[in-house]
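So the protein lines, in turn, are chains A and B.
Residue numbering for the first sequence is 1 to 494, as defined by my numbering.
Residue numbering for the second sequence is 1 to 253, as defined by my numbering.
In case anyone wonders, no lab produced these hints; they're calculated from the structure.
Possibly wrong hints are sitting among the right ones.
With a Cα cut of at most 16 Å, we get these calculated EDC-like pairs of lysine to aspartate or glutamate [said to hold, decoys possible]:
#	chain 1	residue 1	chain 2	residue 2
1	A	Lys8	B	Asp123
2	A	Lys8	B	Glu114
3	A	Lys491	B	Asp100
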Amino acid sequence: MNARRLWKIFRLNFRMMYSRWFLAFIAFYFAVSFTASVSAMGAEDYASLFRSLGVLALLLAGGGGFLRVVKSEVDFVFSTPVNPLVVYIAKTAASAVLPLFLFGAFTVYLPRPDVISHVEYAASLIFNTAFFALMAGASSLVSIRRWILYAASQMAVVAVTIVKPELSPLYGLVYPSPFYVAYSGAAAALAFLATPRNLLKELATNAYGVFAPRRPAGDGDAARVVGPAGIGPTPWRAVWTTSVNGVLRMRSGDTEGVVVKRVNVLKIYLPLSAAAAAVYYVLLRLLPEVGFLNASEANFLVTLLSFYLLWAVFMMSASADLDRERLWLSLAVEPARYFRLRMFARAVIAAVLLAPWAAVYVLVSLSYPPAARLATAIAAFALALPAASWLAAAGWPQIRDLDLPQSLFRFTLREVLTAFLYFMFVVWLSVPYILCAASMDIPALAPLLLLAADVASVASLALSAAFFYLTTYSPWASSIWGWFVNKLSEKGYV
Amino acid sequence: MGVMSNVYMWQLSWYVYECIAAEGLRRRFGSVVALDGVSFEVSCGGAVALLGPNGAGKSTLLRILAGLLRPDAGVARLCGYDVQRQPREAKACMGYLPDDPSPFLDLSVRENLEYVAALRGLDGSAVDWAIEALGLGDIEDRLASSLSRGKRQRLALALAIMHRPRVLLLDEPLNYLDIPAQEYVIKLLREMNAAGTTILVSTHIMSIAERLAKEVLVINRGRIVWRGAVKELKAAARDAGERIEEVVARLMR
Numbered sequence: 001m002n003a004r005r006l007w008k009i010f011r012l013n014f015r016m017m018y019s020r021w022f023l024a025f026i027a028f029y030f031a032v033s034f035t036a037s038v039s040a041m042g043a044e045d046y047a048s049l050f051r052s053l054g055v056l057a058l059l060l061a062g063g064g065g066f067l068r069v070v071k072s073e074v075d076f077v078f079s080t081p082v083n084p085l086v087v088y089i090a091k092t093a094a095s096a097v098l099p100l101f102l103f104g105a106f107t108v109y110l111p112r113p114d115v116i117s118h119v120e121y122a123a124s125l126i127f128n129t130a131f132f133a134l135m136a137g138a139s140s141l142v143s144i145r146r147w148i149l150y151a152a153s154q155m156a157v158v159a160v161t162i163v164k165p166e167l168s169p170l171y172g173l174v175y176p177s178p179f180y181v182a183y184s185g186a187a188a189a190l191a192f193l194a195t196p197r198n199l200l201k202e203l204a205t206n207a208y209g210v211f212a213p214r215r216p217a218g219d220g221d222a223a224r225v226v227g228p229a230g231i232g233p234t235p236w237r238a239v240w241t242t243s244v245n246g247v248l249r250m251r252s253g254d255t256e257g258v259v260v261k262r263v264n265v266l267k268i269y270l271p272l273s274a275a276a277a278a279v280y281y282v283l284l285r286l287l288p289e290v291g292f293l294n295a296s297e298a299n300f301l302v303t304l305l306s307f308y309l310l311w312a313v314f315m316m317s318a319s320a321d322l323d324r325e326r327l328w329l330s331l332a333v334e335p336a337r338y339f340r341l342r343m344f345a346r347a348v349i350a351a352v353l354l355a356p357w358a359a360v361y362v363l364v365s366l367s368y369p370p371a372a373r374l375a376t377a378i379a380a381f382a383l384a385l386p387a388a389s390w391l392a393a394a395g396w397p398q399i400r401d402l403d404l405p406q407s408l409f410r411f412t413l414r415e416v417l418t419a420f421l422y423f424m425f426v427v428w429l430s431v432p433y434i435l436c437a438a439s440m441d442i443p444a445l446a447p448l449l450l451l452a453a454d455v456a457s458v459a460s461l462a463l464s465a466a467f468f469y470l471t472t473y474s475p476w477a478s479s480i481w482g483w484f485v486n487k488l489s490e491k492g493y494v
Numbered sequence: 001m002g003v004m005s006n007v008y009m010w011q012l013s014w015y016v017y018e019c020i021a022a023e024g025l026r027r028r029f030g031s032v033v034a035l036d037g038v039s040f041e042v043s044c045g046g047a048v049a050l051l052g053p054n055g056a057g058k059s060t061l062l063r064i065l066a067g068l069l070r071p072d073a074g075v076a077r078l079c080g081y082d083v084q085r086q087p088r089e090a091k092a093c094m095g096y097l098p099d100d101p102s103p104f105l106d107l108s109v110r111e112n113l114e115y116v117a118a119l120r121g122l123d124g125s126a127v128d129w130a131i132e133a134l135g136l137g138d139i140e141d142r143l144a145s146s147l148s149r150g151k152r153q154r155l156a157l158a159l160a161i162m163h164r165p166r167v168l169l170l171d172e173p174l175n176y177l178d179i180p181a182q183e184y185v186i187k188l189l190r191e192m193n194a195a196g197t198t199i200l201v202s203t204h205i206m207s208i209a210e211r212l213a214k215e216v217l218v219i220n221r222g223r224i225v226w227r228g229a230v231k232e233l234k235a236a237a238r239d240a241g242e243r244i245e246e247v248v249a250r251l252m253r
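In isolation and in its complexed conformation, chain B is listed as follows (with noise of 0.2 Å):
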């Protein structure tokens, strides 16, 4: 018993060890490659940032991480997860903010939030906790058709936190928010990242990429062409006398 269980934890940990793992992930539509061989894996704890011109493939990686999506070829696992083979524990322990999201309209803030908890199994306290994080008290009871872009973005990403995911895939989160907006869901993915979450968020602004994590994966054409901390890039700009976005469009040249 004692062996077995040992063996076991051995194997949790080395699960826990890689939160988000993509191998030779391809994936074309009609005669477009999409992606064409992606590897890469995201440490426990870890937060990186996907940078990538338009049509480089970041958030067709980041529907196949999230399950919604088949790759041609490859696997994707979510906290050891393989996400094609046992999806439901995959997404049990994800959160997925889709570009462009779209809430239910016809319900209000808190129906939404109550909603998805229905689906996850959570209780009446998560949703209390999501709508305490994004601010979303003084519109609780009002109908998601009438809150503005930005109020259904924060409304969109309390659906993706609310059961305090241990990976959370972003796709341009801060999108629609006004910069007080911003500066509070900076300093909340933050906070969950420094509690354990694993982040991986897909924006086109270095400056958020910069604040919301530690590392860069650079995506260009479906391949990953740099991989490296954020530190590396401020230096080698400093280096090269530019600024820091200048050497990224240079690496996705």
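In isolation and in its complexed conformation, chain A is listed as follows (with noise of 0.2 Å):
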């Protein structure tokens, strides 16, 4: 294939991943973190840095099921005679702008001395970027398996990166050196080597086997989890009914098709939800045993961090869970009294995943009072999540036959603008949590504080259940989800 072929190939899958828009916000992110990288940083100061790298470098490796293959590659790239590789080698540079942008946005800006050290910078970079991308690529397409080695030698970065940066292959963006290009290099050629060459030699000839969903091995008809008896015979039961009975998705060997069954929901992420509650108590309590952190910082930053972490993870859950949604069901009914039904089934489940964490931070109130607050911002959390999250990912692509997206996700200036708005949601739900810690620090003006807490926390509730009441029984229910609806429509939801 000659460089013309493969360079159009690339800036096909380049259009198709990103908005004009979305570049340009890009490259103002970019020109302004100018400000950030060196006037707001000492230049022997690195440590923050190094801690920003790590957490981008943990977004970078739980964002890598946007490079899933898609429902049109399988209509129309896998019946071309070329070779799957190729495009996968073609969409993993398009995905790998991202990255580089952004280490490049954290790192481009500092001080070099020389020529040779801007070159060895320059090295890292790509080598860093590459790793991240085919590693994000891979971890798309194994079996779960193989995904959580992947994901492990990613995270196994992130926390060398954070608590020991010099043993990291980032380190080079920051102190560039032939050791650290080397270094960096060799965990690109590692990542590429790790590319599922026996999937993609599949795809060639069997792309239908491998992405036909399969019923679990020795499961017979209990895959089929929901009969129509289960699921009638009101409106609210089948809503209800189809809520709570989620769809597991699961590879379970790389070319063997795709487990797919109906799941409770609360049966598996129940146990998981007060598992992770569990950690977060034990590490509060651990962390400053072993001296990683004082009692005091422990108390605050790892409860804010969790309580960040906890919304991350629930509004994505709760986004994702979009894709299996049919168009069809909503208008069979009218549309705003059937998302009524689903946002009231939705916000039942939030609240009793989200039960273990209210109890954990009630717990921690106990010795460290502005935890309960927390705890009433879970419960505003939890009357936002449903409207909220499913408003959020009105633009992403339905999954339909053979458990494939039906197009790439794209990223586009309302992905940003509404992450960015959902951040600002997470910051002001942790405003009561904030004044309370303060007041703890400056008693002069604790009782100033405390009162700021209360009406924000009061503000918070009260707008949760106002959103919630917008989104279901108001007169404007209708418009918000005739445009949900349209927009659905538009990604070709049906």
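The task is to assemble the complex, starting from two chains supplied on their own in separate frames and drawing on the hints.
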């Protein structure tokens, strides 16, 4: 294949992944990052920079799913004579533009003494970007066992970047040297070797077999959890049953089809939520013991970060299950009524799954009172989450036949603004907690700060309740869900 | 040299005689038998309609022929190439329109065609021809996501035929199309067939099969239960005083 054809395949994949306004935003972010990376930081104080790079790497590692094979590729790419490996490399290269810009935005303006160090920096930037892009690409294709292996290797890089940066290949972005060029180059080479070649080869002759949903071995009819008798007879019962029995998809082998079954989300995720809450509680007690943080830092930071992480995980999960929605269902009855019932069901599920966290924050508040404010924040979160997560995901592709998305995930300015809006929302939810924590450090202002925390708590709850009302019972609910249905239709939902 | 050339030409003419060939194709999905030993061939330049009830195995058969699904047993050949052993050669000579196709929604009509042209190594003239052939000129700059289902179907058909393949595998090609578009597409496919393209088309609609194909394959429960000329079906219908659909329905039972 000649370079011109390769370039065209890359360019059109790039076009599918990013909107022009998103690229304009990234360029703007790149430009203004000068302030963040140079003026806000002392040249010798790069500890916070490595923490930021670690968090960025964590986000990149977590975002690999957007490179999945899509239905259009099965229809029109794998039926051509092209080698699927070529398309995979072009897609991965197009996806690498985002980490390249982001890693660059954090580090490109750092002072370097000579031309050689600039060259070493450029090489480290390319190799580190290639490592994360190739890992994300491979992770989006492979079986759950290999996915765990890939995720673990990325998490190891994230961990050392935060805890011991000189052990990380990302260290070369801040302190370029031949050693770190070789180190990050080796990491990129390993990531390239981890490309699932067998699966890509299989796609050339058996794409429908690779992605065909299949019943779990030995599951018999148990895979059909929801039969007609379980769904009826009322609309509420139908909506509740299809909400609580979510779809679980898992690739057990690289080329053996995808196991798809309905599972009761409460049975699966409630124990996971409770276990994660327990891990938070243990970490809170353990970190000061091992001297990683002092007790005060641990209480404030770990608790706040746990809430932000909880928000991110729930928001992503609640948004992602939109891809299973069938638009004709919502149109079979009056859309506003259908979505009202769906939001009720999702609110109940969210409340149950978040309950262990509310309990653990109340428990922590016995020794660290500000944590109680996060229990209130969770109530507000549970009310806003069901509708907010779906409205945020209105541009995401549907998963239909073959258990594949209809199109690639597309980065647009809307996604950026939505993410920013929802980040502001979680910051707003945590304001009472922050005010309460501040009242412990500034006793003179404590009464005022606690009063402000009370007002913010009540306002959060009231606004979330108002949002829930707005998206369920209010006269405006029809307009909101009408817009939503149109948006889904544009994205090819049926 | 001359002898070798003659042998090569003889092999070529033998291959070219059967542009689509299936030998003993079997495929199961769990306990469901989708194809149960399907064998047939379509001569080059032929046009065959694949008829059968829902779940008969039509789409599975087309996917196996298109090299998108591996059979449990049997061999599929296109233009003489085994689609599993020589997929590049087989796919180079084949165009495939799947059931419920999904073009690239975030690309314009022209970009969709340019993408597949790049994958197939075609130049810009193939893109222009496909736009002209399917009447997509007035929407070539529109995103596929903004098109109606009917226009998306026309785009999908353009993607399948833009390299003017020797073999065309079509799964319900007239789905979503309005009547003028159906007429337009039928005319285009008949012209392609007259120019030498071999067509295997799966459809539920007998009138479309009559207009697009010279022969009919009736498939049921993964087996071919009848094969013959459209003329034979018409004669059988006339003799029995029935509509042709009634004759086909009886064959499917």
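Status of the hints after comparison with the structure:
For the hint pairing Lys8(A) with Asp123(B), the CA-to-CA distance comes to about 12 Å; that is within 16 Å, so the pair holds. With a CA separation close to 8 Å, the supplied pair Lys8(A) and Glu114(B) stays within the 16 Å bound. Note on Lys491(A) and Asp100(B): the hinted pairing holds, with a Cα-Cα distance of about 15 Å set against a maximum of 16 Å.
This entry satisfies every hint, going by the numbered hints stated previously.
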